[in-house]
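**Student:** First to last, the protein sequences are chains Z and X. In this text, residue positions in the first sequence follow our numbering: the first is 5, and each later residue adds one. In this text, residue positions in the second sequence follow our numbering: the first is 36, and each later residue adds one.
It cannot be assumed that every hint is accurate.
Okay, derived cross-link-like pairs now, DSS-like style, lysine-lysine, Cα gap no bigger than 25 angstroms in a straight line [claimed, not checked]:
(1) Z/Lys374 with X/Lys511
(2) Z/Lys77 with X/Lys46
(3) X/Lys596 with Z/Lys354
(4) X/Lys464 with Z/Lys392
(5) X/Lys46 with X/Lys72
(6) Z/Lys234 with X/Lys143
(7) X/Lys464 with X/Lys589
(8) Z/Lys265 with X/Lys448
(9) Z/Lys354 with X/Lys607
(10) Z/Lys400 with X/Lys464
Here are some chain Z residues pointing at chain X (derived, C-beta under 10 angstroms) [as the list claims (entries may be wrong)]:
(11) Asp53
(12) Thr56
(13) Pro78
(14) Arg121
(15) Lys123
(16) Lys265
(17) Leu276
(18) Lys282
(19) Ala308
(20) Gly319
(21) Gly349
(22) Asn361
(23) Ala431
Derived list of chain Z stretches under chain X, where covered just means 3 residues or more per stretch with a C-beta under 8 angstroms from a C-beta of chain X [said to hold, decoys possible]:
(24) 33-39
(25) 44-51
(26) 62-70
(27) 384-392
Because the hints were derived from the structure by calculation, they are not lab data. Using N, Cα and C, we set each Cβ at its ideal position, and we do this for glycine too.
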Amino acid sequence: METKAFQKIYTKIIQITKATCSLRATGVGYEELAMVNGRLAQVVKIIGDVVTLQVFGGTEGIPTNAEVVFMGKPPVLKVSDDLAGRFFNAFGNPIDGGPEVEGEEREIGGPSVNPVRRKQPSELIATGIAGIDMNNTLVTGQKIPFFADPDQPFNQVMAMVAMRAKADKIILGGMGLTNDDYLFYKNVFENAGALERIISFVNTTENPPVERLLVPDMALTAAEYFAVDKKQSVLVLLTDMTLYADALSIVSNRMDQIPSKDSMPGSLYSDLAKIYEKAVQFPDGGSITIIAVTTLSGGDITHAIPDNTGYITEGQLFLRKDSDIGKVIVDPFRSLSRLKQLVIGKKTRKDHPQVMNTAIRLFADAAQAKTKLENGFDLTDYDERTLKFGKEYSDKLLAIDVNIDIDMMLDTAWSLFAKYFSKAEVAIRSEFMDLYWKGE
Amino acid sequence: MEKEVKQTKGKIAGIIANLVTVEVDGPVSQNEICYIKHAGIDLMAEVIKVFEKKVFIQVFESTRGLKIGQEVEFSGGMLEVTLGPGILSRNYDGLQHDLDRMEGVFLKRGDYTDALDYEKTWDFTPLANIGDTVIAGDWLGEVTENVIPHKIMVPFSFSGKFTIKKLAAAGSYKVLDEIAILADSKGTEYKVTMTQKWPVKIPVKTYVNKPRPYKLLETGVRTIDTLNPIVEGGTGFIPGPFGSGKTVMQQAISKQAEADIVIVAACGERANEVVEIFTEFPELEDPRTGRKLMERTTIIANTSNMPVAAREASVYTAMTIAEYYRTMGLKVLLLADSTSRWAQALREMSNRMEELPGPDAFPMDLPAIISNFYSRAGFVHLNNGATGSITFIGTVSPAGGNLKEPVTESTKKAARCFYALSQQRADSKRYPAIDPIDSYSKYLEYPELQEYLKTNISENWIDQVLRAKNFLLRGKEASEQINILGDDGVPVDYHLRFWRGEVIDFVVLQQDAFDEIDKRTSLERQKFLLETVLEICDIDFRFESFDEVNPYFKRIINTLKQMNYSEYKSEKFNSFYNELQTIIGERK
Numbered sequence: 005m006e007t008k009a010f011q012k013i014y015t016k017i018i019q020i021t022k023a024t025c026s027l028r029a030t031g032v033g034y035e036e037l038a039m040v041n042g043r044l045a046q047v048v049k050i051i052g053d054v055v056t057l058q059v060f061g062g063t064e065g066i067p068t069n070a071e072v073v074f075m076g077k078p079p080v081l082k083v084s085d086d087l088a089g090r091f092f093n094a095f096g097n098p099i100d101g102g103p104e105v106e107g108e109e110r111e112i113g114g115p116s117v118n119p120v121r122r123k124q125p126s127e128l129i130a131t132g133i134a135g136i137d138m139n140n141t142l143v144t145g146q147k148i149p150f151f152a153d154p155d156q157p158f159n160q161v162m163a164m165v166a167m168r169a170k171a172d173k174i175i176l177g178g179m180g181l182t183n184d185d186y187l188f189y190k191n192v193f194e195n196a197g198a199l200e201r202i203i204s205f206v207n208t209t210e211n212p213p214v215e216r217l218l219v220p221d222m223a224l225t226a227a228e229y230f231a232v233d234k235k236q237s238v239l240v241l242l243t244d245m246t247l248y249a250d251a252l253s254i255v256s257n258r259m260d261q262i263p264s265k266d267s268m269p270g271s272l273y274s275d276l277a278k279i280y281e282k283a284v285q286f287p288d289g290g291s292i293t294i295i296a297v298t299t300l301s302g303g304d305i306t307h308a309i310p311d312n313t314g315y316i317t318e319g320q321l322f323l324r325k326d327s328d329i330g331k332v333i334v335d336p337f338r339s340l341s342r343l344k345q346l347v348i349g350k351k352t353r354k355d356h357p358q359v360m361n362t363a364i365r366l367f368a369d370a371a372q373a374k375t376k377l378e379n380g381f382d383l384t385d386y387d388e389r390t391l392k393f394g395k396e397y398s399d400k401l402l403a404i405d406v407n408i409d410i411d412m413m414l415d416t417a418w419s420l421f422a423k424y425f426s427k428a429e430v431a432i433r434s435e436f437m438d439l440y441w442k443g444e
Numbered sequence: 036m037e038k039e040v041k042q043t044k045g046k047i048a049g050i051i052a053n054l055v056t057v058e059v060d061g062p063v064s065q066n067e068i069c070y071i072k073h074a075g076i077d078l079m080a081e082v083i084k085v086f087e088k089k090v091f092i093q094v095f096e097s098t099r100g101l102k103i104g105q106e107v108e109f110s111g112g113m114l115e116v117t118l119g120p121g122i123l124s125r126n127y128d129g130l131q132h133d134l135d136r137m138e139g140v141f142l143k144r145g146d147y148t149d150a151l152d153y154e155k156t157w158d159f160t161p162l163a164n165i166g167d168t169v170i171a172g173d174w175l176g177e178v179t180e181n182v183i184p185h186k187i188m189v190p191f192s193f194s195g196k197f198t199i200k201k202l203a204a205a206g207s208y209k210v211l212d213e214i215a216i217l218a219d220s221k222g223t224e225y226k227v228t229m230t231q232k233w234p235v236k237i238p239v240k241t242y243v244n245k246p247r248p249y250k251l252l253e254t255g256v257r258t259i260d261t262l263n264p265i266v267e268g269g270t271g272f273i274p275g276p277f278g279s280g281k282t283v284m285q286q287a288i289s290k291q292a293e294a295d296i297v298i299v300a301a302c303g304e305r306a307n308e309v310v311e312i313f314t315e316f317p318e319l320e321d322p323r324t325g326r327k328l329m330e331r332t333t334i335i336a337n338t339s340n341m342p343v344a345a346r347e348a349s350v351y352t353a354m355t356i357a358e359y360y361r362t363m364g365l366k367v368l369l370l371a372d373s374t375s376r377w378a379q380a381l382r383e384m385s386n387r388m389e390e391l392p393g394p395d396a397f398p399m400d401l402p403a404i405i406s407n408f409y410s411r412a413g414f415v416h417l418n419n420g421a422t423g424s425i426t427f428i429g430t431v432s433p434a435g436g437n438l439k440e441p442v443t444e445s446t447k448k449a450a451r452c453f454y455a456l457s458q459q460r461a462d463s464k465r466y467p468a469i470d471p472i473d474s475y476s477k478y479l480e481y482p483e484l485q486e487y488l489k490t491n492i493s494e495n496w497i498d499q500v501l502r503a504k505n506f507l508l509r510g511k512e513a514s515e516q517i518n519i520l521g522d523d524g525v526p527v528d529y530h531l532r533f534w535r536g537e538v539i540d541f542v543v544l545q546q547d548a549f550d551e552i553d554k555r556t557s558l559e560r561q562k563f564l565l566e567t568v569l570e571i572c573d574i575d576f577r578f579e580s581f582d583e584v585n586p587y588f589k590r591i592i593n594t595l596k597q598m599n600y601s602e603y604k605s606e607k608f609n610s611f612y613n614e615l616q617t618i619i620g621e622r623k
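With the rest of the complex left out, here is chain Z (with noise of 0.2 angstroms):
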């Protein structure tokens, strides 16, 4: 981004922060781009004639006679089919040591879909994981974070799910990804053989984490391009929003705002609603799915991170060791589809909810079971037997490497009912007793 002829070159820089600087300028527009000593900056408050800029690349060895120069636009990316198959950094400036993209300059961030132009969601996402599909089944146009603990493999489940949708376009945003967790993913996406329907905006933790905050907006950016220009269906993956959080509470705390809960900035959930929102289902077929990470820390999901971030998402997965089985599992307790309503039992088997709301009531009388196991306390006949199921379906359903069709886990499900518990036990509409119940 070279500067033009004729722009006015602000060397006062009057006040440094960590993260922003202020100076005196006239005529700059809000959330204006900037350079600050060739580092990129926005500006983020204006009183009077005192411009203060958040530098993205951090403030660290900028001299008060720095050369300012303003841009005259919001940040932007600029969209074309060519952005396919590449990476950038959060500027949206190549990192793969290809050419520069051409293309229309489209600015990040841009407005809200008028949500009587949205589509209510009603294609399923299938990813062949039985503690996704069958009970949080994911629908396009949906908004779902992993809740993880970092030691969890949710990078690895996130681009086993990315792979296995049927996506025309998957756009990751990585935000203070290790570059091992960068290089995997890049892996991920070359053995696939499907780097020409992937883009990458990455930011890593060598990089500044000021510079995450224009990571999602960015690839999100691109997304619109694909799913409302060309139409088609875009999956994005967003890793680690927590990491995103943390950068905004850094601007924020510099700015000298109060904080609210857990010293996050007060519009935590105006902000991460922004990005969020930005999933959506098109009448005529384009749409942007979003799955994120939010890690959480000692599986606390009360902090105000990923509290704010459930209320808008659209459910929440939760992975978890089941030491029973020695497999990573997706707890079913935990774990919520809020779209899946829309889906499962109109574009799966009608079967399907009761099957889900059954097994999942028959594990947590197993958890019981175990509890009292635990406790010293005697097991009943309908103890034991729930035990070994809870075991068989963590093994064959919610194991997250399971990878069959839907019906066949529906079916897997009937068969372990009909193995471990009798008719009025599994208690399900007659109908469909009737129709798929397994034993006598």
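Chain Z is fixed; fit chain X onto it per the hints.
**Tutor:** Positioned in the frame of chain Z, the structure of chain X alone reads:
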């Protein structure tokens, strides 16, 4: 009554997100609406603080690209809604702009569409006579809006007594056509059309009095109607952590409740949830009229990605529209999902204005704002003897699911029904996840409602409800004992107590909102169900050992659930009922 137009102007002096400061050249008033002139469009904003010549305004749009020195024009009025026939079945944004009339897929800044259709004609029938003395809110005539008799009223802003000088004859008129000429005591004449404006922050008080509400509002949701009923003109709130079923609950109520008008304010919530309402309501048949539910519904949508300042406005817009229809003698149900988002919007602004924060950084006057808002609901007697009501149910999204946070606590003081959604119930998929023990309805203690229930359901209904609650409580206690002492460490009687609670839980409380039959239970059926279940709870079943209790009660529950899934009094229903009697007979 036309206001004198004053032309205060100003220039932008500062910008922080959607808080803009303006240097003004004349008088302004608190909450006055103003417009920022930006690149050929007007951006709407509201005055929220004045300090000498400096005015703080919250902009209802994105402030991207605004510059110091840009011109601002003040309108002289507060944020108003346009009231008149044609509000029903519309989808508005938080400022009452018609979303369907906006162009393009994306919302454009400054795209302000009309709230009403000014070209449409309405068949007007006069209800008053020339020479009558009338006051604000009195009915002059009527048009039929979808199926609703929509009253054309003396504008709410008219104070004092007026005489009808002229009144339009029956016929077709447009919204802005003259309907009447009214004269005040001095003889000054005023023209009245079918439309009027009213500032949203001021309650409409054109009624005689607001007595204590007494009539049950049927929702078809058993855990509400049977255990903790809400009344016409009542207030309630539903707090719950995410994923506990707040929205499903609210939507079930909006679809099923016995109200004439349903107003849904989607306040800072998910766009897909609003789309669900947009998609389903026009298809849903209204059990009362046989027409579509959308015909008596208005939706105010400020989704979480729409400008945050309009979020606060959206709940007030919705309430004012509700008050308008209440003055027509109608039963209005107003739902706001979620009031926490509104409180958060207040917090964001208060934060940017660098006000001293109250608890959790919310503004200090949050409790007052919430209770003032809830007090606008209620059952009223109108001037002409008719009655109208606004029943208000708000959801609260407590941070971290902790009910000790400021929004929940403030709301608890204002609302009379408390429907606590429990994470534990949601986790075990016991939906609706309303906790039967923590939740309450203050109305159940009102002698007025007790009298109504005695007359309309049965003489001993209240006793039965209290007994059911008691069984639930004892069941919970028994379950705790069993968990501590073990299955065989307690007398068999404890198991029996536990399972009595479970029968009520599984059969009365739990309800499948997605099942065609189970989702809505008539009062008659609720009475039958509660009586049947209580009969079972009253039996002293004989058991030799504790492990017989569980399978036996599971059979009872299963049969009762099959009944819930069957058409009331159908052959299938009756055969399950007979089966139930056989099972009960085994151990009586």
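**Student:** Taking the hints in turn, state whether each one holds.
**Tutor:** A quick look at each hint next to the structure:
{"no.": "1", "hint": "Z/Lys374 with X/Lys511", "in the structure": "holds, 20 angstroms"}
{"no.": "2", "hint": "Z/Lys77 with X/Lys46", "in the structure": "holds, 22 angstroms"}
{"no.": "3", "hint": "X/Lys596 with Z/Lys354", "in the structure": "holds, 18 angstroms"}
{"no.": "4", "hint": "X/Lys464 with Z/Lys392", "in the structure": "holds, 21 angstroms"}
{"no.": "5", "hint": "X/Lys46 with X/Lys72", "in the structure": "holds, 10 angstroms"}
{"no.": "6", "hint": "Z/Lys234 with X/Lys143", "in the structure": "holds, 21 angstroms"}
{"no.": "7", "hint": "X/Lys464 with X/Lys589", "in the structure": "holds, 17 angstroms"}
{"no.": "8", "hint": "Z/Lys265 with X/Lys448", "in the structure": "holds, 23 angstroms"}
{"no.": "9", "hint": "Z/Lys354 with X/Lys607", "in the structure": "holds, 20 angstroms"}
{"no.": "10", "hint": "Z/Lys400 with X/Lys464", "in the structure": "holds, 22 angstroms"}
{"no.": "11", "hint": "Asp53", "in the structure": "holds, 7 angstroms"}
{"no.": "12", "hint": "Thr56", "in the structure": "holds, 9 angstroms"}
{"no.": "13", "hint": "Pro78", "in the structure": "holds, 6 angstroms"}
{"no.": "14", "hint": "Arg121", "in the structure": "holds, 5 angstroms"}
{"no.": "15", "hint": "Lys123", "in the structure": "holds, 7 angstroms"}
{"no.": "16", "hint": "Lys265", "in the structure": "holds, 6 angstroms"}
{"no.": "17", "hint": "Leu276", "in the structure": "holds, 9 angstroms"}
{"no.": "18", "hint": "Lys282", "in the structure": "holds, 8 angstroms"}
{"no.": "19", "hint": "Ala308", "in the structure": "holds, 7 angstroms"}
{"no.": "20", "hint": "Gly319", "in the structure": "holds, 7 angstroms"}
{"no.": "21", "hint": "Gly349", "in the structure": "holds, 8 angstroms"}
{"no.": "22", "hint": "Asn361", "in the structure": "holds, 6 angstroms"}
{"no.": "23", "hint": "Ala431", "in the structure": "holds, 4 angstroms"}
{"no.": "24", "hint": "33-39", "in the structure": "holds (count 4)"}
{"no.": "25", "hint": "44-51", "in the structure": "holds (count 4)"}
{"no.": "26", "hint": "62-70", "in the structure": "violated (count 0)"}
{"no.": "27", "hint": "384-392", "in the structure": "holds (count 3)"}
Hint 26 alone, counting from the list given before, is not met by this structure.
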